[in-house]
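Using the sequences and the hints, build the whole thing.
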Amino acid sequence: MALVLRGTVVTCDEDHRILDPGDVYVGDDGRVAAVRAAGQAPPTGFAQAPPTDTGGLILPGLIDLHNHLLYNTLPLWEAPGVPYQHHDRWVGEKHPPDYSTSVTWPAKVLGQAAPEALLKYVEVKALIGGTTAIQGAPLSTRPVDGWLLRIIDNEKLPAGADMVMTAALQLDAEVLREERAPKLDGTRLLIYHVAEGRAGTIVRREFEDLEPCLRPGLIGVHATALTAADFKKWQSAVTAVDAAEKATVVWSPFSNHWLYHETTNVVEADKKGLRIALGSDWSPSGTKNVLGELKVADAVNRHELGGRFSDRELCDMVTANPGDALATAWGPHVGRLRRGSAADLLVLEHHTPAQDVYRNLIDATERHIRLVVVRGRPFYGTPSLMKATGAEDTDAITVAGSRRRVAVREPGRTDAALDWPGVRRALEKVRGDPVAAWRASQDALADWGGPLDDPEAPLALFGDMPEGDTGAFAAAGEVPLDLVVPRLDPLTHDAAFFSAVARAGVPQLQHLADYYP
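In this text, residue positions in the sequence shown follow our numbering: the first is 1, and each later residue adds one.
Watch out, some of these pointers could steer you wrong.
Across the chosen pairs, the derived CB separations fall in these ranges [said to hold, decoys possible]: (1) T44 - P143: 45 to 55 Å; (2) P517 - Q355: 16 to 26 Å; (3) Q355 - D98: 46 to 56 Å; (4) A440 - T227: 48 to 58 Å; (5) H261 - H351: 47 to 57 Å.
Don't read these hints as lab results, they were simulated from the structure. Positions of the beta carbon are idealized from the N, C-alpha and C atoms, including for glycine.
Here's what the structure looks like:
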């Protein structure tokens, strides 16, 4: 149905217009038909569509440009031996003894024994923080589009084509040069983890291997070991191809400080002209959602970077900047509110002075999220706004002590049959006897016997992190017989989360609790 939302519209467009009040017109095609000041004549087709007064701020939905979804039911991993020098020091032969039992096996069992439930749980976890698009799809037996969110890895924009390449693990230099670089032709993206570790460590060599791919369309994740000279080289290589384009680096300050006690030199990246986006990484070493990550970025900016970035620039890191980075492959669909863009919207409660819209977003917590719309459809929000916007088949959910409704089950889709209570039951059933659940899942896959890329194949998910199997089934006998799958990671930043942060004692992370009174 045609939908008109009224409120303080924070467009995040090129002019950063703020319409107070303004109207956002959402068409049946899931796109924004117009963004206009309230009182202006409606566009064609909306004359009979009364506006829904949201009473809040209307922004582009938030974009999480770096995540690993399979692992997001797990709590913070209080890893021994931190700070690690680089990503190879907390896995492999020298990995901490509890990495497999705390991270790898719980995610593996849930991903193969309850794949639909796991994906829906972690999508809801992101959704309640205002996320509408997220990167980090697990590998799977068959492609799975996001049931609630846009899953960047699998989203087929434009014209039904998959234009996004990803790699969380390092690729051989020859593969980067011969296979990935030729595809960065101005129409595709490569989202690639590079130089994740402390400054001066050997992982900086990964940037040298990546040199053939320093082109428009490369989105580099972490880049914590890179120097000012590296950022200059990266940006210069991009502008040599397209003078109007920017390189993109994805910043995950919580995870970086949690594992390495350092983070990306975003000041130098900014000075050299790179575009900066945020990603919340994964729950074993990250925030619950990118709204939480925005607060870590704000705290680091205030306490470590001398206020280098304005509030507006920080907010652009979860809206306009990742949207512009994705535009290489997708076109101008997400991250900004304007005519023709995707109707991915966030409605946020006014909780700071009305004129300070960007501070309002930075300081917002999950309880301030009033409505989230993806592809023009309301998926989450207050009961009154979900009803007013025509949401159907919703379930009750309590978030940060507030009543909300969430649309998890999509009628007519046999691959998305679980509702919210069913999601939780399915995950708890696996937790009750993970060994039995694992063996049953392996038997079902063995009984299938068909090709794993068949659309009718039983769904199973695989990790994209070290020890994640990367698409290969492990033998059933390998499952630890005493495996304990941790309790489901709560949807919001709770007391247990902040207690773990306090125990870690990382100075840059202690400010996060101040945003959650």
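These are the hints, each one checked on the structure:
For the pair T44 and P143, the supplied restraint of 45 to 55 Å is violated, since their beta-carbon distance comes to about 36 Å. Evaluation of the 16 to 26 Å hint for P517 and Q355 yields a pass: the beta carbon distance comes to about 22 Å. With their beta carbons about 49 Å apart, Q355 and D98 fall inside the hinted range of 46 to 56 Å. Evaluation of the 48 to 58 Å hint for A440 and T227 yields a pass: the beta carbon distance comes to about 51 Å.
Separated by about 33 Å at the C-beta atoms, H261 and H351 break the suggested range of 47 to 57 Å.
In summary, the numbered hints that this structure violates are 1 and 5.
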